[in-house]
Amino acid sequence: MSTAVRAASTSPPTSKVPEPSRSRFRLTFPGALMAPGISILALLSIIPFLTLIVMSFSRVRLLGGLQLDWVGLDNWTRVLQDMDMWASWWRTAIYLVATLGLEMLLGVGIALLLHRVVRGRGLLLSLVLLPMFVAPVIVGLLGRYLTDSTFGLYSWALGKLGYEGDILGGSASALTAVILMDVWEWTPLIAMITLAGLTGVSPSVLEAASLDGAGYWQTLRHVVFPSITGILLVAFLIRAMDAVRYYDIITVTTNGGPADATKTVPIRLFETAFRFFDLGYAAAIGLMMLVVTILISKGFVAVLQRKV
Amino acid sequence: MPKLGAGEDVWRRFAGTRINFISENTAPTAAIAANLAPFEKLTGIKVNIVNLELSALVQRVALDMASGDAQYQVIYADPYQVLAPYSKGLADLREFIGKDGYPELEGGLDDFIETQLKAAGQFAAEEPVYALPYDCPTMIWQYRADLFEKYREPMEQDLGFDPTPGAERTWDEYYEIARWFNENVNEVAYGTGQQAKQHDSLMCDFSNLLWSYGGDYFENGQELGLLGVEEPGACQLGSDEAVAAATLYDKLVKVAHPASATWDWDGVGAALRAGEIAMCPNWHEFAASNETSLPGKVDYAPLPRGPARSSDHYGGCGIGIADNAKGAVRGAAWLFVNWATSPEVQLSNLKSKAGGGTPTRTSVYDRAEVKEAEQRPTELPNMLTGPAVRTAWQPDNIGLRPKIPMWNACDTAIFTGLSKMIAGQDDAESTMADIAERIDGIVERGWVA
Amino acid sequence: MSVSETQTTTRQKRSSQLMVWLLIAIAMLWTLVPLAWMLAGSFKSSADVTASDPQFVFDPTLDNYRNLFTGANDLTPYLWHSLVASSLAAVLSLVLGTLAGYGLSKSTMRRKDDLSFWVISTRMAPIAAVIVPLFLMFRVAGLIDTLPGLVLAYMTFNLPFAIWLMTAFFDDVPPSIEESALVAGCTRWQAFWHVVLPLTKAGLVTTGVLCLVFAWNDYAFATVFAGPSSQTLPIAASQLVTQTGIDWGQLTAIGTIVVLPMIFAGLAVRKWLVTGLTLGAVTGE
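Protein chains in written order, with this note's numbering: chain A, 1 to 308; chain B, 309 to 757; chain C, 758 to 1042.
In short, the hints are calculated from the structure, not lab data.
All values derive from a computational prediction rather than experimental measurement.
Hints are supplied without guarantee of correctness; some may be wrong.
[To be verified] Simulated coverage check for chain B against chain C, where a stretch passes if three residues somewhere in it have a Cβ under 8 angstroms from a Cβ of chain C: (1) 354-360; (2) 363-369; (3) 534-540; (4) 567-577; (5) 594-601.
[To be verified] In silico SDA-like links for lysine to any residue, alpha-carbon gap of 20 angstroms or less: (6) B:Lys396 to A:Asp69; (7) B:Lys562 to A:Ser173; (8) B:Lys659 to B:Asn343; (9) B:Lys661 to C:Ser803; (10) B:Lys396 to A:Arg59; (11) B:Lys562 to A:Ser171; (12) B:Lys407 to B:Pro310; (13) C:Lys958 to C:Pro931; (14) B:Lys311 to B:Gly406; (15) B:Lys354 to C:Gly984; (16) C:Lys770 to A:Val118; (17) C:Lys1028 to A:Gly120; (18) B:Lys396 to A:Gln67; (19) A:Lys160 to C:Gly984.
For glycine and all other residues, C-beta sits at the position ideal for the given N, C-alpha and C.
Model the full assembly from the supplied sequences, consistent with the hints where possible.
Written out as structure tokens, the structure is:
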């Protein structure tokens, strides 16, 4: 999986099958295979992206058809000066670190545990994967059902343990709660991908390591992890991309509260676009989100490349 | 647009068309959806009802209007999220009312409760009508009559006033009653519950106090809330009255059930039904479910007064027609709007097991069976709130939030600021000043449709 | 090794294996309790489901399920639309993604890595912002409120994902495999179809399952691109959030219905999910 790392960096490609690159345009075999997928993707993404850029420099009208009135840098200066936006970015950063961190830790942990089990691994894996199949909207509502102070199972259980407050009512506890709901839903994704990677570590290498006298943790650190770094990166990037964009769980549980404690950037984006109908400003926010996501991905790839 | 043949039933003029009705999952819609057959039989028109949660509805309606033709011909036009910002996208219904070739509007526009027709049906101008009032939830005082009866005497002795709920009580007295329940009553956990989640519901809850103190969001608040304007002027939340109201609201939430900070109207309603609280301000249409869970125990009254008046927040809505709808579907849409708000249908909605929404027409309230239902035992539990809401809809009592196109942004600023105040991050005075500043900034940016 | 050493290592092994099972049990509890509670809630009457103390023992009722499938808001079309649109989107994305992934992997273009990054960057698009231009494009093309339109909308995020993931899997296949096939006289297509593709079966299944999951779960795109005749299950769930409260009984029932088909899908393919993603396991190098 090391090539997934390479794909996101800028090192030169190694040639796989001897075939000289051609300077005049000719549809090679790889080109022909790529053509349908890439062209559909281009159609679906380039026009919206360019529109988005233009929208971020305009005031957008909706009634009677989309109209764009040029306002120059207004939206951009606003987005960079808006203290509420920066507060949201800060909260989003906390949210990202917490969810991604916990999901990676727990996901890898569960994968390691399942790797130790031989019989019943398939069944256990199927059970572990279940939360992933529940739509985020429903996870949020389910979470609300479990943490409601009148009829929630978890609030009742916590009450028995002496916890008096309301889970979604306090700033810190609400943020923790939505983080945990997200972790509950997406840890299986990391676990699934990591487990698949672990089963790919060739048994002969593991045998060699144990014959050399290496213990479990040593084997893990020096043999297993280096060979699944690529996979871990893939799992991380998949989740990171979505962690920045998804807002369903928070919208449905706390709506950004209490006192803006859970108001992350994607919520602010939806609110700006479809509650305030300030679409030009929303486009600016959206482009900022895109830039941040790209930076995170490139950043992580660079960090892992230096270690490898 | 199909012509009306000689002697043809005007209701069947558009037979064979299909229209789409986009609505929030509200009581009348549930009742109508369960009983659409009569409309189809009457008109030959097929109606497809699409229910969406409110923010998704607003999103779809806005996009639909932007696209140039109308996928949804009949629209649930929330006065603050759809009507105010996008009145230009709705058809002026005077095109159909009293005109040849269309069925009569039974009882005419005058049959609709006056304040509701203005608030839910019009925007910024005296004449055009963009929607007909469809539902009318209003916040009133809901309380455990059994507990109030049991503890009336000790309460009166300790507090020094008759605690019977009604518009004669003040909000200070409401606060005292709530505290008394906390300290002296075991049947319920707390005296009051508030909708203090960082959500539109918080603005709704707070507004009752704000208006009762004579404060408001903008000048001429009552008019602003009735017809609405495009440019409201300076925000008035910095006034002494507003600060006094906010101070009291903060105090109130502190003695309320602690889970109030997680509750919108659904949470408060569930808490009352589960016996967690003795009373609360909440939308009157919860009466039906109250009656199912606590039969005979819950009663209703207008909200308490402040120094200025008693104010009950109105949250009703109308249905209108997308202006982009052309031809047969436009006429068919009118037939549906007409039918869905007609006295017969409003009566059957009231009776429906699936719905229970209260009518928006005076003639329905005047019927004998409806008047009877205001007393127990009743077949129409929502009518138990009858006397309370009738008072609530008087022009002096009705609580109307500003109907301005940029209201959503202001609403968010208001409930976010209040949420911070309740969380203890700010005191009442600086909270109000901060919100006022934000609102002024929002209003200054203006509105482009 | 001496006898006592063997005994210690066996004991160590047993206690560590016990530890493993204990931790797995905790993980299962964490995962399954909410789902079990949701399942229980779907069989509770509306009084039981919002009762002050969680009802562990109650009279089960099928009312919630009955209400979901009768009346004006029958869940069946939602279920059907979700199944059809998600499966089609997953299959199409997988097919196109696999082809493009192989092409990208084998390509010798100079800007190959940039192209690869561009592909995955399209999946980073901020949803609420990009929906407006996409909506207008689809409206012009007459795709709003159609199942093909919904499938295409799902492909906006599934296609880049499939391409990117399959590229990574194909990159892991040693070039020697393909080279020997070509030397043996296969055309490039035959080498792809008969030799390389079977080796990435686990990768295909993983990608397919994930594409299915992302499409199945989607709410943001469905609220905009679906219409009266193409609504999906997540929308049905959100509809239960009304002015007069949330019907928790029906909500838990919808949640159960949403999870059920995916359980079957997951169980059906679990064999492929746990075999290796890389070639190492197969050739045992």
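Hint check:
1. 354-360: holds (count 5)
2. 363-369: Our answer is that it holds, as 3 residues pass the Cβ test (under 8 angstroms) against chain C, meeting three.
3. 534-540: violated (count 0)
4. 567-577: This one holds; 3 residues, not fewer than the three required, reach chain C with a Cβ under 8 angstroms.
5. 594-601: Holds, because 3 residues of the segment 594-601 of chain B bring their Cβ atoms closer than 8 angstroms to Cβ atoms of chain C.
6. B:Lys396 to A:Asp69: OK: B:Lys396 and A:Asp69 at ~19 angstroms, within 20 angstroms.
7. B:Lys562 to A:Ser173: holds, 19 angstroms
8. B:Lys659 to B:Asn343: Status holds; Cα separation ~12 angstroms.
9. B:Lys661 to C:Ser803: holds, 15 angstroms
10. B:Lys396 to A:Arg59: holds, 18 angstroms
11. B:Lys562 to A:Ser171: holds, 16 angstroms
12. B:Lys407 to B:Pro310: Holds: B:Lys407 and B:Pro310 sit about 15 angstroms apart, inside 20 angstroms.
13. C:Lys958 to C:Pro931: It holds: about 15 angstroms lies between the C-alpha atoms, which stays within 20 angstroms.
14. B:Lys311 to B:Gly406: The hint holds at about 17 angstroms.
15. B:Lys354 to C:Gly984: holds, 16 angstroms
16. C:Lys770 to A:Val118: holds, 15 angstroms
17. C:Lys1028 to A:Gly120: Cα-Cα ~11 angstroms, so holds.
18. B:Lys396 to A:Gln67: Distance of about 15 angstroms is within 20 angstroms: holds.
19. A:Lys160 to C:Gly984: Given pair A:Lys160, C:Gly984 is violated - Cα atoms ~46 angstroms apart, limit 20 angstroms.
Violated hints, listed in ascending order, are 3, 19; each of the other numbered hints is respected by the structure.
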